[in-house]
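There are 2 protein chains.
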Amino acid sequence: MSTTRERIVSASTELFSRNGYAGTGIKAILAASDAPFGSLYHFFPGGKEALGAAAIRAGGTTYLRLVEEFYGAGADVVDATRQFFEGAAAMIEATDFADACPIATVALEVSSVSEPMREAAAEAFESWLAALRLRLHEAGIEPERAAELAIELFCALEGAFLLSRATRDNTPILVAGRAVTRSVEAAVRSAVPLTR
Amino acid sequence: MSTTRERIVSASTELFSRNGYAGTGIKAILAASDAPFGSLYHFFPGGKEALGAAAIRAGGTTYLRLVEEFYGAGADVVDATRQFFEGAAAMIEATDFADACPIATVALEVSSVSEPMREAAAEAFESWLAALRLRLHEAGIEPERAAELAIELFCALEGAFLLSRATRDNTPILVAGRAVTRSVEAAVRSAVPLTR
Chain H
0 MSTTRERIVS
10 ASTELFSRNG
20 YAGTGIKAIL
30 AASDAPFGSL
40 YHFFPGGKEA
50 LGAAAIRAGG
60 TTYLRLVEEF
70 YGAGADVVDA
80 TRQFFEGAAA
90 MIEATDFADA
100 CPIATVALEV
110 SSVSEPMREA
120 AAEAFESWLA
130 ALRLRLHEAG
140 IEPERAAELA
150 IELFCALEGA
160 FLLSRATRDN
170 TPILVAGRAV
180 TRSVEAAVRS
190 AVPLTR
Chain V
0 MSTTRERIVS
10 ASTELFSRNG
20 YAGTGIKAIL
30 AASDAPFGSL
40 YHFFPGGKEA
50 LGAAAIRAGG
60 TTYLRLVEEF
70 YGAGADVVDA
80 TRQFFEGAAA
90 MIEATDFADA
100 CPIATVALEV
110 SSVSEPMREA
120 AAEAFESWLA
130 ALRLRLHEAG
140 IEPERAAELA
150 IELFCALEGA
160 FLLSRATRDN
170 TPILVAGRAV
180 TRSVEAAVRS
190 AVPLTR
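Chains as they are written, first to last, in numbering that gives the first Met the number 0: chain H, 0 to 195; chain V, 0 to 195.
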């Protein structure tokens, strides 16, 4: 069983990612998490902004686990990249183009207006990039190129999520995924696998 | 002199892109556009949602002109791509990481909740992709590859805008730009220029 606090955070992550931070009212969050009115300020004395930061961190952790599922230790990073984008394309279509990145909507909304939430988003994004860098480097790609490739992959996916949600078409995710997969393939081909 | 309607739309485009659609109140829009209270419903009987769609269309047109400035008729598409990303990186830094895509924030917020605004965003994005496709094709890249490359470029830039705003660092725009420039270069190299 999840606690009331966990339910509030989880409902917030979902509602914020679909409808935005400002567009999601406290009442909707409490209804979705089956929590009494006072509970929000009990668990989040900092109010909605503190809840926003917690929701971003929770979304970041969930997505990090997803990244780690695809890019497991010893995974073929070329296959992982192909499957990651194909999985994202399938997911967005299955959820009627609602579920894409759990953080992007809020991150764009708050980057210029809330430092605590901007920082939470930056930390979440950085945790995904770190996971990707690690696996790309383990595949023999030198650190500097692995860092660039991780950024390229992130940007391609996030941009494709935006275009796919707006056009209700998952083709951009597949197109972006093929391009990134080719880049990863080229980097792996010219890499020297690490000896262990 | 701009008309009251133009000032309202222009202020809305800027406020929505920085702070989101739901996060921007009517009062803030009227104050920024120096317009009397009644004027919003006079020009936009459909209310805030109609204004939102108009602001998205206006932002789309402004950015289309920017794309066309870089990718002019007969432009070297490799140079144009490099300069487009370098220009975007300079702009985001100069505006304290506020001004990036004029539409992305609102597009993510409303994609699942407002069809008129989602459609306005989809049309704006499609107009940019069409402009890019045209120039890439004129550079001798066959239509299917030109269409893919336009999507790759769009996704790389939008994803990089997100990461740069969240981390307050324009490096992702430069990294994504170098990757896309390499892809455009490779496509042009293997292309047969159109005879005129």
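None of these hints come from the bench; they were simulated from the model.
Among the clues, some could well be false.
To be clear about the criterion: a stretch of chain V counts as covered by chain H if any three or more of its residues have a C-beta under 8 Å from a C-beta of chain H, and this derived list gives those stretches [claimed, not checked]:
hint, stretch
1, 50–62
2, 156–166
3, 174–181
Note that CB positions come from ideal geometry on N, CA and C, so glycine has one too.
Hints and how they fare:
Coverage of the stretch 50–62 of chain V by chain H is violated in this model, with 0 residues showing a Cβ closer than 8 Å to a Cβ of that chain against a need of three. Only residues whose beta carbon comes within less than 8 Å of a beta carbon in chain H count, and the stretch 156–166 of chain V has 9; three or more means the coverage holds. As drawn, the stretch 174–181 of chain V meets chain H at 4 residues by the rule of a beta-carbon pair under 8 Å; at three or more, the given contact holds.
Of the numbered hints listed earlier, the single one contradicted by the structure is hint 1.
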